[in-house]
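**Student:** Sequence:
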Amino acid sequence: RHRDILFSPFICFRHPGNTGASVQTAPEILCTWKGRHAEMLVVGCLSLLCVPLPFVSSVAFATYQYSAAIGLEDRMQFLEKFRFLFFRFRPDAHHYGLLLVLRSLAICLVPVCVRNDAFLQIFTLAMILIGFSQFQCYLKPWRAGVCNAIDGLLGSFLVALLLCAVMAVEVDANQQAFTVIGALVLAGMLLAALWAMVVACYKVFRPTPFYNMFLCHHKLHAAGQVRLIKSVVTKTTSKTVFIDSDDLVDLDTLFDTVKTRVERFVIYLTSATLTRAWCCGEIVSATWSKLPMTKVHTASFVAPTTSQLHNLDVYVNQDGCSLAHYGMSLTAVAVSLNRLLAEDVPVIKIDRTVSGSRKFFNVAHSLIARNHEAHPSLVGERSILISASRENDEAVSAAALLAIKLRDAVLNSSDIGMWCMPDHFEDLGECTAILEGCHSVVVLLSAATLKSREELCFVADAMA
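Going left to right, the sequence shown walks through residues 102 to 565 as our numbering numbers them.
What the hints contain is simulated information worked out from the structure, not anything from laboratory work.
All of these numbers come straight from a predicted model, not from anything done at the bench.
For every residue, glycine included, the Cβ atom is placed at its ideal position computed from N, Cα and C.
It is possible that part of the hints are untrue.
[As the list claims (entries may be wrong)] The following label-pair restraints were derived from C-beta to C-beta distances:
(1) D562 x S423: 49 to 55 Å
(2) W296 x S159: 35 to 41 Å
(3) L352 x D414: 19 to 25 Å
(4) V152 x S541: 47 to 53 Å
(5) A373 x R191: 34 to 40 Å
(6) S158 x S541: 37 to 43 Å
(7) I449 x G421: 25 to 31 Å
(8) C302 x A549: 51 to 57 Å
(9) A288 x C265: 25 to 31 Å
(10) P393 x L203: 44 to 50 Å
(11) I449 x L206: 57 to 63 Å
Generate coordinates for the entire structure from the input sequences, incorporating the hints supplied.
**Tutor:** Okay, here's the thing in structure tokens:
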């Protein structure tokens, strides 16, 4: 009933012979934009300003504020207030509620915007329903998977119902509109097919490197170190860096990514890197594609012997990855490893005399050909102290990554400083001396933390 009050003054039908027009819901009222029709228009506009527009605006504003509000202390009050809008959908598809509201509004506006042409109205309604169904299939917004399937089916059934209604009634199609729309649809189909062919050919013959750098590594021993290097490179330059834990979507496309979407191949060599089948496959792919290579030597890396290179079926662990499945023989692996270990391949050696995470920052700066910079630090009267085992490179890297996140999220907008123990102190005794002035203490637990008497004493002092 409210919809009739809002939109009925705008929906008119023509008299036979085009002698005038009347309001569809009240044929006795002529659409002359004056008299009773003007009164209806005023009431309709006021109703539109009082209910639909404020509601749609509130939904749009709440959707815009969702990402910021979810991190506030009173987020539960916000979520409860807009529960009808967000609770049914996945957090990364929270905007779907706004799309549903806009779909309903668009359907109501069809007879207002498209008048006296039933064929065009039906076509517009079908395009709205199909378009939003495409969005739903792409987003899969509902928390329950079955709801996504039901929503898609309902959209399809609505279009089918619309087609049945067309067959049940006589529709006077505007021949000119029918011809123009048919031609536009056909042209759109042909253009879409042509665009797909052009894009496919371009990717085959002119592959664009989506990543300036590919960091090959053994996740068990170097996941944190490589992530820290990536963070430094991407924050100080505009370069894009691929590491599998961040960018890999499908294992079956990993080697194709190295072949076609990488500009430079960097391998972070730890004790077991070259024994991993996936790493060997990445090296073979980079060798076949003749990518520029850079080696990063850690203290634990030992190059394979000639005997091991001759017995790769024993040296390389292919559990979970059969290189033959990807067309890579052990002979190809041997050739690629020999090429990688050649003296003409640039190498960056981690300086073990440099303490803390500085050595990883130095590696990142070497990769982007930048002079080593002073290690960033923030020290204040109220400080956060991050403790990690200096002997564990993964723990040191995790502490540095946490420090970077804290600087970006908290410290740049407050007077709280920060001490990162592996970077600023030679021993835990110096850390203990500044505990009284600390705002808070973060202890990163690694394999040897609870076995070290010195670190346990520090934790006890921090909790005292």
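**Student:** None of the hints should be skipped; say for each whether it holds.
**Tutor:** These are the hints, each one checked on the structure:
1. D562 x S423: 49 to 55 Å: Holds - the Cβ-Cβ distance for D562 and S423, about 53 Å, lies within 49 to 55 Å.
2. W296 x S159: 35 to 41 Å: Once the Cβ atoms are compared, 39 Å apart, the range 35 to 41 Å for S159 and W296 holds.
3. L352 x D414: 19 to 25 Å: At 22 Å between Cβs, range holds.
4. V152 x S541: 47 to 53 Å: Between V152 and S541, where Cβ atoms are some 49 Å apart, the hint holds.
5. A373 x R191: 34 to 40 Å: holds (38 Å)
6. S158 x S541: 37 to 43 Å: holds (41 Å)
7. I449 x G421: 25 to 31 Å: Given about 29 Å between the Cβ atoms, the range holds.
8. C302 x A549: 51 to 57 Å: Holds, at about 55 Å.
9. A288 x C265: 25 to 31 Å: 28 Å Cβ-Cβ, so the 25 to 31 Å window holds.
10. P393 x L203: 44 to 50 Å: holds (49 Å)
11. I449 x L206: 57 to 63 Å: holds (58 Å)
The structure meets every hint from the earlier list without exception.
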